[in-house]
Amino acid sequence: MDAKATLRGLFSQILQGEDIVRERAIKFLSIKLKTLPEDTMTKDVEDYVFTETKKVLEDVTGEEFVLLMRILMALKGLQTVSGRQQLVELVVDQAFLEQALNPADPDTVDRLLQCTRQALPLFSKNVHSTRFVTYFCDHVLPNLSTLTSPVAELDIQLEVLKLLAEMSPFYGDMEKVEANLTMLFEKLLEFMPLPPEAEGENGENTTERRAQAAVQLRGMSPLQLPPAGQEAA
Numbered sequence: 001m002d003a004k005a006t007l008r009g010l011f012s013q014i015l016q017g018e019d020i021v022r023e024r025a026i027k028f029l030s031i032k033l034k035t036l037p038e039d040t041m042t043k044d045v046e047d048y049v050f051t052e053t054k055k056v057l058e059d060v061t062g063e064e065f066v067l068l069m070r071i072l073m074a075l076k077g078l079q080t081v082s083g084r085q086q087l088v089e090l091v092v093d094q095a096f097l098e099q100a101l102n103p104a105d106p107d108t109v110d111r112l113l114q115c116t117r118q119a120l121p122l123f124s125k126n127v128h129s130t131r132f133v134t135y136f137c138d139h140v141l142p143n144l145s146t147l148t149s150p151v152a153e154l155d156i157q158l159e160v161l162k163l164l165a166e167m168s169p170f171y172g173d174m175e176k177v178e179a180n181l182t183m184l185f186e187k188l189l190e191f192m193p194l195p196p197e198a199e200g201e202n203g204e205n206t207t208e209r210r211a212q213a214a215v216q217l218r219g220m221s222p223l224q225l226p227p228a229g230q231e232a233a
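All residue numbers for the sequence shown refer to the UniProt record's numbering, where the first residue is 1 and numbers rise by one.
Quick caveat, the hints were computed from the structure, so don't treat them as lab data.
Hints are not guaranteed to be accurate.
Unchecked claim - With a Cα cut of at most 30 Å, we get these calculated DSSO-like pairs of lysine-lysine:
| hint | residue 1 | residue 2 |
| --- | --- | --- |
| 1 | K27 | K4 |
| 2 | K4 | K54 |
| 3 | K76 | K27 |
| 4 | K34 | K54 |
All values reported here derive from a predicted model rather than from experimental measurement.
Let the hints inform the model, and build the full structure from the sequences given.
This is how it looks when you write it as structure tokens:
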């Protein structure tokens, strides 16, 4: 089988086909690539997949973005530090981190959350989350109370703090550390009000989830929060 010729046909359908054809081709590609033997998935073939997928990523839906990122993350040639860094840069472009956040637009908020979730597995001590953590501190935390959730049942504030907690250990060198730490501490105080004396089951669950987020954030290193009851230094 000429893998590259087959892939060329698939990508042609993805880039030029009708929506239903495009959708089916992307799903087929995400499944089929996993089954190809190593002697078929040569470096040349992987490079072709990477190049063509970048073209597709220029205009995708949220679901397509997730599927395409899974395809790229599975490529052997992108398992290296430099490969993961390339993937992070792709996600950065998709997240529009050069633009200010519109907290009232659920689509914009959803895009940022989707991109952050896709980037999380790529971060390590060698692949930093600096761009994302900085963006969250500069644009998301100041608007935490006004964020519009893309899904009704999603606790958007909790989700943002959880993502920030998971990213922060890998942020590397970041400017304005002291200012960002102070803002984070203040937002955490707002987010963790004292529970009322009588709280129903749902309230207890919410308090517990928020407490878990607080514990995660307090453990961030080197963004160390001060002990409870003390102000940020």
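Status of each hint after checking the structure:
Simply put, K27 and K4 have alpha-carbon atoms about 18 Å apart, close enough for the 30 Å limit, and the pair holds. Between K4 and K54 the CA atoms are separated by roughly 16 Å; this keeps the pair inside 30 Å, and the hint holds. This hinted pair checks out: K76 and K27 have alpha carbons roughly 20 Å apart, not beyond 30 Å. With a C-alpha separation of about 19 Å, the suggested pairing of K34 with K54 holds against the 30 Å cut-off.
Of the hints listed earlier, there is not a single one the structure fails to meet.
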